[in-house]
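**Student:** Residue numbers (the UniProt record's numbering), protein chains in the order written: chain A, 1 to 490; chain B, 1 to 490.
Check before you lean on any hint, since a few could be wrong.
Heads up, the list lumps identical chains together, so a pair's fine if it works in one copy or across two of them.
Claimed, not checked - Below 25 angstroms or equal to it, Euclidean Cα-Cα: the simulated SDA-like pairs (lysine to any residue) are:
no., residue 1, residue 2
1, K452, R32
2, K3, G133
3, K258, N369
4, K54, Y40
5, K3, E214
6, K347, W134
7, K472, L430
8, K258, P344
9, K112, D100
Quick caveat, the hints were computed from the structure, so don't treat them as lab data.
Protein chains: 2
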Amino acid sequence: MSKGIISKDEDYSQWFNDLVIKADLAEYAPVRGCMIIKPYGYSIWEKMQAALDKMFKDTGHSNAYFPLFIPKSFFSKEASHVDGFAKECAVVTHYRLKNDGEGNIIVDEDAKLEEELIVRPTSETIIWHTYKGWIQSYRDLPLLINQWANVVRWEMRTRLFLRTTEFLWQEGHTAHATAQEAVAETEQMLEVYADFVENWMGVPVVKGRKTANERFAGALDTYCIEALMQDGKALQAGTSHFLGQNFAKAFDVKFTTKEGTLEHVWATSWGVSTRLMGALIMTHSDDAGLVLPPKLAPIQVVAVPIYKHDEELENIRTYIKGLSAELRAKGISIKFDDRDTQRPGFKFAEYELKGVPLRIAIGSRDMQNGTVELARRDTRTKETVTQDGLANHIEQLLEDIQTNIYQKAFKFREENTTEVDTYDEFKRLLDEKPGFLSAHWDGTPETEQRIKDETKATIRCIPLNNKQEEGKCILTGNPSTQRVLFARAY
Amino acid sequence: MSKGIISKDEDYSQWFNDLVIKADLAEYAPVRGCMIIKPYGYSIWEKMQAALDKMFKDTGHSNAYFPLFIPKSFFSKEASHVDGFAKECAVVTHYRLKNDGEGNIIVDEDAKLEEELIVRPTSETIIWHTYKGWIQSYRDLPLLINQWANVVRWEMRTRLFLRTTEFLWQEGHTAHATAQEAVAETEQMLEVYADFVENWMGVPVVKGRKTANERFAGALDTYCIEALMQDGKALQAGTSHFLGQNFAKAFDVKFTTKEGTLEHVWATSWGVSTRLMGALIMTHSDDAGLVLPPKLAPIQVVAVPIYKHDEELENIRTYIKGLSAELRAKGISIKFDDRDTQRPGFKFAEYELKGVPLRIAIGSRDMQNGTVELARRDTRTKETVTQDGLANHIEQLLEDIQTNIYQKAFKFREENTTEVDTYDEFKRLLDEKPGFLSAHWDGTPETEQRIKDETKATIRCIPLNNKQEEGKCILTGNPSTQRVLFARAY
Ligand SMILES: [Zn+2]
Ligand SMILES: [Zn+2]
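Model the full assembly from the supplied sequences, consistent with the hints where possible.
**Tutor:** Written as structure tokens, this is what we have:
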């Protein structure tokens, strides 16, 4: 089959788009900037959701659901939040359509809302409005809630999974009695995200803090995990915010302490979105198609029979049936592709495109010899192995693949993280060898902004447990105590 | 604890509202008609979702995600659909807010959409627009897709779970090569719904077809399951629609048959929503609070220790720890409530309110005697049983409760389903003994409408496999061949 995917080296951006379309992950909707997540793409997202949801529950969180619509006035209540979020958003102004008598459906001007409603770009405001009713005493704390939802941010330039007007995400919103507890929660959820992204998605991340410029609107501190894509651009994979008492003050949420005093509550929020699909695709895939980590692959193993006569197929089917039962008992999913409308070579290419981690090819000769051919998607290597103990061998191979793709990505990131000490070298590398640039910065928003304006590189984060060393800012030469990570980013 | 719930007999509607609020299931949002689903309510909905999702996948369906926004013009494409759905809806007209310079946030009139967007009330139009790109040949069929999503219908009178402006649901949308296949799918999904509602929710249903008046806008045939609430009003718990070729024609979706001809595709759609939460609550609960079926209860068993000294508590804790391990191995969830801030009596009332199916009370005397006290939520009966074999006993009891609440509801429905032969009796019963009224109807929409106008009773369904018998319409006296089910409904 012709895959219709441009080469990564030729045009990375086009390669990504081609791959998302050809591998049946998603497509653009007829509504500007919106996305349709196709069944194959959605089944990967479902696996992500299931793993994350379990991690949230294991750390004591419960799910709830808050409304899609937020009254416009809510956005004005937290001063910095409104600038960050109430700008580019979908505004509901009317609640009825009518027929104009000439066969056209038009907005009914008699059904104008008194106060416009905003389609949620994030839910802090409506949630903190609600928490006011839920929190009275220290006994109501901590309040640990998560929501799986769709959100809308009116984006001018959109890309499938990476930046779409509507996207799917989860947003955690917690309330605590002390600043210390809230910071601990913020850090815990960053660890949960790092754990998931590294150990499920196989994507290595740098954990760090955002500079004041890059903070979430309304946060005192924003923690993030940053990943490096194959084209040397960074991608923010998740954020966890310490909100201080900003929202509690804006929405007047106080609690009675054990000692009987009345205090404002401390808050966090944290989220990951369908953007993770973009990170997953761009970290591992190649010109032949997707490469999926076994832990998130909707189909982990595919078996393709190679036969001429129906009796041969039936022999193979019987064998695969037994193998499938063994694999399912191990929690491994296998698909037997016995379609007679496609040739094996076509199927091979199709499962490569779909990123199935392991392919079994099995013919009559194999059945006689008691062997199968195994092909790994990640290394594109093949081996002939005995049917004896095959289920165990497959189980081990899937673990190897999970580890290998992480290590490969980790090696790539290490090779593309460079310490730079001059602004000239900084600019040269951004063009010649893009990646993470570790450089000294004088700590001012002005310097950060000028570097961004001149190079399009932003400070991705100040890594946690950063080494303290004396140095000079690459732009101003002013003294600095630590390096920060710069990159151009998605 | 004072539960603050009015008696069912005094005011059923208020009882329902009180219960939803006091049991922490949901509350009204600051946006008119919208609902906040609280963690306890949402955890029941999650269990419903998980069970339904598995049933959908076991019948070959995949999940996908389509956009929240639908261009206004899409609604005009299917003539009957537009009248049913494009009326009361949320309309997005702008995509930006701005500061008016006086500290107010206002809609930016420069950011007016060329074509208004409708927040989806249901997704047939955008999905069939998309299917046009996905379906070319008979090899692409059947296409079996489901979506879990939020939808918005601008309701004037709202009630928590039963009718809210925004609600959560799933909508299945399938495409088939033949009418016969599509009808089979429509019927299969009705069976799936009936299976879930009866065997998981413990709510008996009548399976039937809607009359033309009550059909989904755009459907050739609407199948439904109808349940009877404790106040004698009916509740439509799920619908499954045979859409014929209406949407395929409206969106020009054709496929090449095996024989090489070009034909329009046949369609179905089917859905259930958070309305099911309303049905669940209203079918089983009582003045003491919720009654939950064990299969959907977030906590199936609660253990409350009764003690004076800490050593006693530690003994009890050790015992419950062992029991918990045994129960978890059976897939049964148990909570040990060792809070020292509340007395046992308070806890008993709280878990009654929350509908926990089984309560264990255990004190020092019990520990000496090797017994525990078990209290069933459904019958509110208690028994003292030996600790010997307790896990097995509990497992059996939970099954008994699941069966018992279904049977109780089934008996109630049978006692409140009455055959009536005159319009006077019909009207009298609606007021004096509301329930399902099985009556002859002459088959005309005019008669149906007049009965509705005069009595507020609607034809809930024409039951499947309905007995054919000669009779006379209760209103007109015209000949009829079968009885249909009337009721006032939610
Ligand atoms: Zn090997
Ligand atoms: Zn018993």
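**Student:** Work down the list of hints and note, for each, if the structure agrees.
**Tutor:** Going through the hints against the structure:
Taking the closest pair of Cα atoms, K452 and R32 never come within 25 angstroms of each other, the shortest separation being 28 angstroms inside a single copy and 44 angstroms across copies. When the C-alpha separation of K3 and G133 is checked against a cutoff of 25 angstroms, the pair qualifies only between copies, where the shortest distance is 18 angstroms, while the shortest distance within a copy is 55 angstroms. Taking the closest pair of Cα atoms, K258 and N369 never come within 25 angstroms of each other, the shortest separation being 75 angstroms inside a single copy and 39 angstroms across copies. In this assembly of identical chains, K54 and Y40 lie within 25 angstroms of each other by CA distance both inside one copy and across copies; the values are 22 angstroms within and 17 angstroms between.
In this assembly of identical chains, K3 and E214 lie within 25 angstroms of each other by CA distance neither inside one copy nor across copies; the values are 39 angstroms within and 48 angstroms between. Taking the shortest Cα distances, K347 and W134 sit within 25 angstroms of each other only across copies (20 angstroms), while inside one copy they are farther apart (55 angstroms). For the identical chains of this complex, K472 and L430 are intra-copy neighbours only, at 19 angstroms inside a copy versus 86 angstroms across copies, given an alpha-carbon limit of 25 angstroms. When the C-alpha separation of K258 and P344 is checked against a cutoff of 25 angstroms, the pair qualifies only between copies, where the shortest distance is 23 angstroms, while the shortest distance within a copy is 70 angstroms.
For a Cα distance limit of 25 angstroms, the shortest separation of K112 from D100 qualifies both inside one copy, at 16 angstroms, and across copies, at 20 angstroms.
Violation of the numbered hints given earlier is confined to hints 1, 3 and 5; the remaining hints are satisfied by the structure.
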